[in-house]
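**Student:** Sequence:
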Amino acid sequence: MNAIPTFAGPPLVGLNLHLLNDPVGLFTRAQRRYGDLVELDLGAAGPLYGVFHPDGVKQVLLRGRRTHRALLRELLGGGLFTSPSGEDWLRRRRLSQPVFTQDRLSRMLPLLLRSVDETVHRRWRPGLRVDAAAEMKRLTVAMMVDATFGPDTGVDRALARRALGYLLPYVDQQLFTLLTPPRSWPTLRNRHFRAARSALRGIIAEAVRERRAGGTDEPTFLNGLLEGRSATGGPEFTDEELVDEVLSIFIAGTETTGTALTWALHLLSTHPAAADALRAEVAARIGTRTPTPDDLSRLHWPRAIVQEAVRLYPPAWALRRVMDEPLELGGATVPAGSPLIVSSYVTHRHPGLWTDPEDFVPSRWLPSAPEPPRFAYFPFGAGAHQCAGKMFALLQGELLLTRLAQEFTTLPTTRAPVRTSATIALSPVPTPELLLVAAPIREEECL
Numbered sequence: 112m113n114a115i116p117t118f119a120g121p122p123l124v125g126l127n128l129h130l131l132n133d134p135v136g137l138f139t140r141a142q143r144r145y146g147d148l149v150e151l152d153l154g155a156a157g158p159l160y161g162v163f164h165p166d167g168v169k170q171v172l173l174r175g176r177r178t179h180r181a182l183l184r185e186l187l188g189g190g191l192f193t194s195p196s197g198e199d200w201l202r203r204r205r206l207s208q209p210v211f212t213q214d215r216l217s218r219m220l221p222l223l224l225r226s227v228d229e230t231v232h233r234r235w236r237p238g239l240r241v242d243a244a245a246e247m248k249r250l251t252v253a254m255m256v257d258a259t260f261g262p263d264t265g266v267d268r269a270l271a272r273r274a275l276g277y278l279l280p281y282v283d284q285q286l287f288t289l290l291t292p293p294r295s296w297p298t299l300r301n302r303h304f305r306a307a308r309s310a311l312r313g314i315i316a317e318a319v320r321e322r323r324a325g326g327t328d329e330p331t332f333l334n335g336l337l338e339g340r341s342a343t344g345g346p347e348f349t350d351e352e353l354v355d356e357v358l359s360i361f362i363a364g365t366e367t368t369g370t371a372l373t374w375a376l377h378l379l380s381t382h383p384a385a386a387d388a389l390r391a392e393v394a395a396r397i398g399t400r401t402p403t404p405d406d407l408s409r410l411h412w413p414r415a416i417v418q419e420a421v422r423l424y425p426p427a428w429a430l431r432r433v434m435d436e437p438l439e440l441g442g443a444t445v446p447a448g449s450p451l452i453v454s455s456y457v458t459h460r461h462p463g464l465w466t467d468p469e470d471f472v473p474s475r476w477l478p479s480a481p482e483p484p485r486f487a488y489f490p491f492g493a494g495a496h497q498c499a500g501k502m503f504a505l506l507q508g509e510l511l512l513t514r515l516a517q518e519f520t521t522l523p524t525t526r527a528p529v530r531t532s533a534t535i536a537l538s539p540v541p542t543p544e545l546l547l548v549a550a551p552i553r554e555e556e557c558l
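Each residue of the sequence shown is one higher than the last, beginning at 112 in my numbering.
These are computed hints drawn from the structure, not numbers from a lab.
Incorrect hints may have been included.
To be verified - Just the calculated beta-carbon pair ranges, DEER-fashion: (1) 128 to 325: 53 to 59 Å; (2) 435 to 236: 55 to 61 Å; (3) 276 to 527: 23 to 29 Å; (4) 324 to 205: 22 to 28 Å; (5) 239 to 448: 52 to 58 Å; (6) 466 to 527: 23 to 29 Å; (7) 554 to 201: 52 to 58 Å; (8) 478 to 303: 23 to 29 Å; (9) 303 to 398: 45 to 51 Å; (10) 525 to 444: 48 to 54 Å.
Ideal Cβ positions, reconstructed from N, Cα and C, are used throughout, including at glycine.
Assemble the whole structure, with the sequences as input and the hints as a guide.
**Tutor:** Here is the structure:
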């Protein structure tokens with residue numbers, strides 16, 4: 112039996128300070144120095160095992176249990192995103208299945224187009240310098256609100272957007288800042304958080320009551336959750352559970368998707384050849400018309416760009432699990448019950464798995480390209496706990512990039528290096544600023 116190499120730190124403290132300050136760098140160094148299975152010394156807290164090879168990732172994600180969700184449940188309630196593995200999670204997952212069907216997502220396209228066109232056609236203008244992160248956060252919040260409630264409801268969208276915009280940074284702070292005042296203290300931030308959470312839960316509860324009183328057939332997330340009982344034959348969500356689930360969808364979908372789209376815009380602006388390929392395909396296959404689901408299915412470059420962006424900067428950049436049986440990998444054994452971490456960021460840049468792993472190469476996702484090894488690519492997780500909104504996130508990205516290519520070229524305003532900040536998602540620091548250059552598709556470009 113092979114010994115597992117140890118990445119050691121100082122006594123008692125171990126690598127905890129590195130884990131807090133630069134977890135992405137820590138996991139990357141661990142894999143590069145010690146290989147695909149590493150014991151990370153966390154001092155008095157005990158070891159954490161890093162698993163970076165697809166064979167090990169497969170075992171961890173298919174057989175491991177999700178844990179350590181107590182803080183998220185306290186902050187956000189007991190939705191699917193915040194629930195640990197178990198019977199309650201499984202029930203919620205089954206009831207949530209109707210939310211993300213391909214048919215529902217296709218019928219949802221007009222709702223998403225409304226938000227995208229509000230940004231691209233009315234909010235943006237030639238010569239404008241935009242904060243990519245702020246714009247994508249605003250857009251994804253708007254898309255999430257419209258996709259959840261639909262256009263024909265009395266929901267206060269502006270209040271929902273403001274409340275959600277406050278919740279996201281607060282949750283990040285609570286999860287990833289070492290020293291924060293106790294949540295019970297009446298600080299300004301804590302009071303604002305409680306007010307925002309209360310307002311958003313109230314908005315959701317009112318929408319639930321409205322839908323129960325007189326349902327519609329709109330393809331919204333809320334209607335999908337209400338349809339869960341008929342799809343599974345089991346007990347439906349209670350009103351309180353519905354509020355938890357909608358809030359869970361908001362938090363899980365907005366932060367990660369907004370960050371992924373920010374990276375996609377940044378990478379597109381700094382790689383003009385990819386931008387040209389995107390524009391040429393959109394011009395040839397759609398031209399200037401409003402895209403339909405069939406149109407999007409015939410485009411390859413929008414999805415390839417999003418897929419490559421989330422390869423380099425994956426939303427689910429690190430996932431923690433516990434296995435009830437030993438993990439066997441490369442002749443070594445990790446004891447049952449040990450805490451395990453897999454990092455898509457590290458595995459996606461593994462030099463033994465990818466050609467030019469550090470480079471932005473969206474063509475690797477075109478239909479003619481070979482597929483990567485299974486479990487070498489898992490930007491949205493994998494297995495039972497794979498992000499249920501994966502296809503929705505890809506659809507949002509494809510739609511935005513298609514509309515963008517019809518109207519603008521984006522240029523970076525600075526060549527300053529952009530690094531990552533690891534919170535719920537991998538955020539770019541400093542936030543990329545983009546210059547919008549008018550480049551509407553011309554009739555002669557369309558075939």
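**Student:** Would you mind marking each hint as holding or not holding in the structure?
**Tutor:** Hints versus structure:
For the pair residue 128 and residue 325, the supplied restraint of 53 to 59 Å holds, since their beta-carbon distance comes to about 56 Å. Taken as a hint, the range 55 to 61 Å holds for the pair residue 435 and residue 236, whose Cβ atoms sit roughly 56 Å apart. Separated by about 26 Å at the C-beta atoms, residue 276 and residue 527 satisfy the suggested range of 23 to 29 Å. For residue 324 paired with residue 205, a C-beta distance near 26 Å keeps the hint of 22 to 28 Å intact.
Between residue 239 and residue 448 the CB atoms are about 54 Å apart, so this pair conforms to the stated range of 52 to 58 Å. At about 28 Å, the beta-carbon gap between residue 466 and residue 527 stays in the expected band of 23 to 29 Å. Range check, residue 554 to residue 201: about 54 Å between beta-carbon atoms, so the 52 to 58 Å window is met. Taking 23 to 29 Å as the suggested C-beta distance range, the pair residue 478 and residue 303 does not conform, at roughly 48 Å.
In this structure the supplied range 45 to 51 Å holds for residue 303 paired with residue 398, their Cβ-Cβ distance being about 46 Å. With their beta carbons about 49 Å apart, residue 525 and residue 444 fall inside the hinted range of 48 to 54 Å.
The structure fails hint 8 only (numbered hints given earlier).
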